[in-house]
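Enquirer: Per our numbering: the sequence shown = residues 1 to 436.
Just so you know, these hints were derived from the structure itself, not from any lab.
One should not assume that every hint holds.
Here are the simulated SDA-like cross-link-like pairs (lysine to any residue), alpha carbons at most 25 Å apart as the crow flies [as the list claims (entries may be wrong)]:
1) 140 / 292
2) 140 / 221
3) 119 / 140
4) 23 / 292
5) 140 / 23
6) 221 / 89
7) 386 / 46
8) 424 / 60
9) 386 / 407
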Amino acid sequence: MCLTQLSEAFIRSAAYERRFLAKNSWDFAMVVWIPLATVLLIWWIFSQTQITNLPIGVIDQDNSPIANTAVRYLEASPDITVRQLYRSPAAAEAAILQRDIYAVVIIPEDFSRNILSNKPAPLILQVNAQYGTHSGIIQKSVQSVAATLSAGVEIQRLVKQGMAPSQAAIAYSPISIQRISLFNVATDYQQFLASTVIPALLHILAMVIGATTIGRELRDKRIGHWYAFIDTGRPNLTALIDSEALSTLDNKQTRIDDLETSESLKKNQQVSIAVLIFGLLGKYFWPMLAYSIWSALALWLATPQQTVALASMVVTYIGLILLMMLSFWLGAIFTLNSFSLRMGLSATGFISAPSYAFAGVTFPYIAISDSAQHWSNILPLTHYLKLHIAQLQMHAPVAISLPIIYGLTLATLIAMGLTALLSKRALARPERWGAR
């Protein structure tokens, strides 16, 4: 088959899809407005790059100068803020339940007396551990305040015994930690979460589009007409309106065309795989074009405050485009395999929605079970996020991520070929068309 015929199949299919998108606002929104809103909304949510001023409460049962100093230290911590001093545990508990505060620090009534008597004087922290991130930050901040306050008390005691302040500081803490953060030094949540959440959400939306783009042709019994149009240019399906309006038409000639198309497509040999591949590329051309733009926008937002090598940006962008293309084909495969748009959408949701949880970004990959690791390795998002983190956050050499690019490329080509084969099978079985 000559290249001209294949290019005509691509152009006809792209024109067919363009007219459909122009007449169906919901499908157009899935391609343009919803992913754009998703990218911007996620970036706006994480516009405050660091978590600060988490509200806590304090119950001061001691009311001593040392207790007042502890409250001032808590207020001075950048990660937390003392929202209110409570008089009773019941009032603090009610505030936690209403999410006015996330923790309460209780200063016992014998706090200062125990310190002066060289007895243990703990600060009691009650934290709402249901919120893991909030809880971890609050515990770290209160622990830092307690350590600072404890060091001041002990150093002051040693100085009173005649030791020099510098020697007292060393005597109190002879071993210290020199902590060096290798990546994400500023604990930027835009870099840590937003830049990886956006590709995950685009992956979900792309799989949904992949399922609906070919699934609606099966549902509306139009897949035979679509293939006849991209192969021969007849019938002129680009002039047809959406399926709801089409269902109101009572055109005898249209029903005759349906029957003739179905009968002719029962013969597998009349369906060309090459035409199908180019037709599918044309059908998904507009979603691919749109999602390539949203991918570029996502990467541009992910690297505004850091210097990233051009080669790393290019490799990451190629990887994200391959992920989007693979998502389209996987959505189509699930729908074509089941002959049902509903089943295809269910499968895409089952696979894509929880994929971020298996990727090892928020929960350590090595901490999940072996079976979960096997499932994680099957998911394409896991491999893309490894590339994304390595190139944009860890500034690793490009050569480290090239195997992922090769793997995504191979997976995309295989998925595209499988989509074409399943489309050929669907064309040969018109009695299965129309399933919801």
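Enquirer: Each hint: holds or not?
Expert: Do the hints match the structure? See the list:
no.: 1; hint: 140 / 292; verdict: violated (41 Å)
no.: 2; hint: 140 / 221; verdict: violated (60 Å)
no.: 3; hint: 119 / 140; verdict: holds (24 Å)
no.: 4; hint: 23 / 292; verdict: holds (23 Å)
no.: 5; hint: 140 / 23; verdict: violated (55 Å)
no.: 6; hint: 221 / 89; verdict: violated (66 Å)
no.: 7; hint: 386 / 46; verdict: holds (21 Å)
no.: 8; hint: 424 / 60; verdict: violated (75 Å)
no.: 9; hint: 386 / 407; verdict: holds (13 Å)
In terms of the numbered hints stated before, the structure departs from hints 1, 2, 5, 6 and 8, listed from lowest to highest.
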